[in-house]
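Visitor: Okay, here's what each chain looks like letter by letter:
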Amino acid sequence: MTGNTSPGATARTAASTPALHARGVTKVYRSGTMEVHALRGVDLDLIVSELIVLVGASGSGKSTLLNILGGLDQPTSGDVHFGQLDLTACDDAALTRYRRDHVGFVFQFYNLIPSLTAEENVALVTEIADDPMAPGEALDLVGLGDRRNHFPAQLSGGEQQRVAIARAIAKRPQILLCDEPTGALDSQTGVRVLEAIERVNKELGATTALITHNAGISDMADRVVSFADGRIAQVRVNAHKRPAREITW
Amino acid sequence: MVTLQMNALNRKLMRDLWRLRGQIIAVALVIASGIAVMIMSLSTMESLDETARAYYERYRFADVFATVKRAPEHLSGRIAEIPGVQSVETRIAQSAILDIDGFEEPVLGFIVSIPERGAPLLNRLHLRAGRMVAPGRPDEVVVRESFALAHGLAPGDSLEAILNGHLRRLTVVGIALSPEFVYAIGRGALMPDDKRFAVLWMGRESLAAAFDLDGAFNDVALSLLRGTRPQEVIDRLDRILARYGGIGAVERADQISNWFLMNEIEQLRTMSGILPSIFLTVAAFLTNMVMARLIATEREEIGLLKAFGYTNWAVARHYMKMVGAMSGLGIAIGWAAGFWLGRLNTRLYAENFDFPFLLYRPSTAVFVSVALLSLAIALLGGLGAVRRAAALPPAEAMRPPAPPAYRRTWVSRMPGHWLDQPTRIILRQALRWPLRSFMTAAGIAMSVAVMITALQWLDAIDRMIDVHFMQAQRQDVSLALAEPQSREIVRDIARLPGVLSAEPFRSVAARLRAGTRHKRVSIEGVPQVPNLNLVYDAAERPLSVPPGGLVMSTKLAEVLGVGRGDMIRVEVLEDHRPIREVPILDLFETYIGTPVYMEIGALGRMMRERPAVNGAHLLIDPLDKPAFFRAVKETPEVSGLALRQAAIDTFDETMGEMLLIFVSFFSGFAATLAVGTTYNSARIALSERGRDLATLRVLGFSRGEVSYILLGEVAILTLLAMPLGCLAGYGLAWVMTNAFDTELFRVPLILAPSTYGFAVLFGLAAAVVTAALVRLRVDHLDLIAVLKTRE
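The listed protein sequences correspond, in order, to chains B and P. Each residue of the first sequence is one higher than the last, beginning at 6 in the numbering used here. Each residue of the second sequence is one higher than the last, beginning at 12 in the numbering used here.
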């Protein structure tokens with residue numbers, strides 16, 4: 006299997022990494038004569054290394070914003086910058102490049118490749134990254150070092166999600182985007198997943214945005230951004246972050 | 012207007028059909044190919060058969076034919092008394108050399124008598140232009156249509172003929188067809204050569220006068236009463252004719268023109284069996300693949316339907332309708348294509364076979380039975396998948412299927428550490444469903460195999476021409492004499508202008524008998540070591556013919572059930588009609604005909620005759636050809652000649668045209684197989700792995716990298732299919748050449764490396780084009796949906 010690199014390389018800071026910067030972002034979906042305004046002029050900065058939680062009802066626009074920040078979708082108008090990179094000016098190839106080099110994704114339904122083992126699922130990403138950590142190291146980080154040779158079908162839901170997190174962070178992304186990462190998990194398992202995200206955010210310094218419907222999870226964030234009707238309704242700064250292990254629901 | 016009441020399930024069916032149209036069309040085309048080949052072959056067969064039957068009946072094609080040297084006319088009364096004989100027609104039939112204005116080479120003519128008043132009793136002519144010969148006009152002739160067309164002859168034109176040594180100018184008064192000459196070939200020829208072989212009909216009295224056969228006949232045709240066994244009549248007829256130089260009567264089945272025709276019909280029957288079974292098998296597999304995938308993606312719908320109270324049967328019926336629609340489309344296309352190809356094919360055959368009319372009325376039975384057969388096969392293919400749908404408990408159906416379980420087996424460990432993850436995905440996917448992978452590869456392989464089978468004919472024909480015409484025949488011309496002559500005539504022939512070398516031959520009609528098997532043959536007497544017309548084994552070895560026995564083709568030995576060293580009874584049917592037990596000295600493999608040779612001196616001794624010849628093979632100086640031809644036209648003893656180059660040209664031309672069409676048909680069918688299999692395989696891969704692929708795109712994989720994962724499996728299976736296809740192609744070619752093994756032709760199993768190469772390139776090209784089509788869909792993967800939904 007892939008060789009181990011030095012285990013001490015886990016705490017690379019991202020002090021020089023530019024944050025994401027969004028101004029006046031709107032998104033309108035058109036279908037026939039119908040127009041759906043998913044985002045109506047959102048301004049938001051993601052500060053380096055912070056953990057931000059996005060909350061709001063279904064259709065409030067939080068997922069749309071996450072997709073745009075992650076380079077999966079383009080805004081109808083507005084301005085999104087990742088450092089010097091203008092995401093709104095990128096074509097498909099450039100957005101692919103952006104995702105590949107800078108963004109880690111964690112999905113609600115894990116989206117592991119069933120024909121690859123845990124370690125191979127991580128290697129899938131490290132093989133195309135510039136300066137990745139070893140897949141085993143990423144799995145150790147989420148506490149799954151001993152399950153590396155298991156196929157997804159042989160892992161529990163929580164384990165699968167932690168493999169997905171290892172896959173997302175193995176390339177040392179500047180941005181980590183998680184869309185309902187605990188949505189399909191029970192509370193106990195969910196907490197272990199959140200602990201993994203927390204640890205990655207802390208140790209790798211990845212700017213992390215996390216969408217959730219679960220109000221309890223907000224407590225682990227530096228900032229909580231509430232969405233309503235395509236706009237940011239409220240931004241709350243947590244003076245005291247609660248560690249993930251203390252969260253219950 | 013009819014209001015179409017459609018229930019919800021049927022509406023779903025229609026929309027599913029529309030949504031899956033690409034895959035459905037791909038499967039339908041494979042089904043259609045099978046049906047088209049089957050209908051094409053069966054309908055051509057049926058129409059040739061029906062046309063021949065109708066033609067034979069309307070124009071009173073005879074049932075038994077016999078030739079004699081010279082028999083008195085009154086014998087016809089005795090022949091008519093043979094039980095079972097309906098009518099008797101005595102005739103005169105003679106070969107003659109013709110001279111056509113503006114055509115340098117002598118033309119071989121076969122002249123048959125017709126009554127000067129009234130129509131013949133049997134083998135009536137179908138007049139295409141002009142009129143029949145008039146009484147008292149001895150120089151009038153009716154000529155066979157294709158010959159007239161080849162030379163632009165019309166009623167009123169004339170030609171010269173050497174009749175019994177006398178040059179005569181004959182006037183063409185009519186152009187006609189005859190059931191006796193649906194397929195007309197000259198002596199020793201393999202293919203009809205309308206420029207160099209003519210059939211002429213002349214008034215009986217004039218022909219009798221020309222050949223000193225007044226009050227006599229040398230040919231007789233009989234029709235039999237219904238239910239009469241020809242062999243009994245033939246036995247009695249042979250006894251009557253024996254002392255008049257009868258060389259054995261033949262029944263209709265062995266009459267040369269009819270034999271060729273029936274042989275062709277038989278080959279069509281073979282064709283209608285082999286290829287369609289391949290197509291329909293592949294179609295069944297594809298149907299299964301498409302249905303299994305559709306049902307897997309519709310688990311929730313199926314669960315819902317059942318929760319609503321739809322019965323298992325209703326669900327099964329719904330999906331069976333889908334299979335029905337898929338094969339229904341295939342059947343419709345196959346019917347149309349089959350009808351069109353059948354008509355085209357029938358016309359092509361009709362060009363080689365001369366019919367006054369062509370009945371292309373394929374019976375409904377053919378269409379219906381072919382459709383039912385393919386429907387049954389498709390339903391069988393879909394059955395497994397549909398049964399799974401019907402058996403799905405509603406609660407389970409509403410849950411998504413468990414992720415496909417991959418385990419660490421030798422298979423998953425096998426790919427070495429040097430493989431990147433995308434390649435592992437591809438390999439494991441292919442190995443996870445080995446049967447499906449194998450069947451996909453097999454489908455693509457069959458397209459290569461079909462292509463190889465088609466192309467192998469080109470290689471085989473090349474080989475046949477090379478061995479038969481290039482290696483075995485060294486002569487330029489073969490001259491045949493009207494009557495056997497003493498051997499001294501060879502010296503005269505050798506003195507004709509331009510003749511460089513002459514090799515005599517003697518042909519003797521005989522019946523070979525081994526136990527209960529027997530066959531009428533012409534024993535060729537040749538020098539012990541022939542120099543011009545070699546006795547040539549297909550293993551590229553010329554044989555010598557030692558005196559004292561027979562050297563025969565392996566096919567003839569097979570027909571008679573004899574081998575090298577066996578004794579065989581030779582019943583000569585000419586002159587003193589000796590009967591001898593003779594050893595078989597050697598066997599040799601030939602691709603064409605069933606020749607049998609004997610050393611010419613030994614043959615003469617067996618015949619108890621002075622050394623005699625029937626003709627000679629000649630080497631001619633090309634510069635002296637015109638002079639040679641002129642001389643031949645003035646040599647009364649010569650009744651026929653065959654030119655090697657002309658034979659090669661006709662062979663090439665006739666086969667070339669047929670093969671071109673044959674190969675293009677097959678390329679189309681092979682392409683359908685390759686495209687149908689590749690397209691479905693890639694689409695199903697896309698449907699199964701769409702979510703994985705979209706995930707990879709989100710993770711930063713480019714379109715190209717994702718396409719590699721999608722199409723890599725198809726690529727691997729395609730590559731795997733190539734050697735498999737070559738192997739299957741060899742096997743299929745073997746089956747085909749065996750199926751087409753007749754006494755007339757044995758198609759050698761020859762496969763040039765370029766044939767494999769071309770077929771492989773063809774298969775690869777088809778796969779690449781299809782893959783490119785599916786590749787376009789990678790651009791439309793929904794990256795956002797994959798974040799949220801679960802399949």
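Simulated from the structure, these hints should not be mistaken for lab results. All C-beta atoms in this analysis are idealised placements derived from N, C-alpha and C, irrespective of residue type, glycine included. Be a bit skeptical, because a hint or two may be false.
As the list claims (entries may be wrong) - Across the chosen pairs, the derived CB separations fall in these ranges:
| # | chain 1 | residue 1 | chain 2 | residue 2 | range |
| --- | --- | --- | --- | --- | --- |
| 1 | B | Arg241 | P | Leu730 | 54 to 62 Å |
| 2 | P | Gly715 | B | Gln89 | 22 to 30 Å |
| 3 | P | Pro734 | B | Val53 | 51 to 59 Å |
Visitor: Quick check: which numbered hints come out false for this structure?
Guide: none
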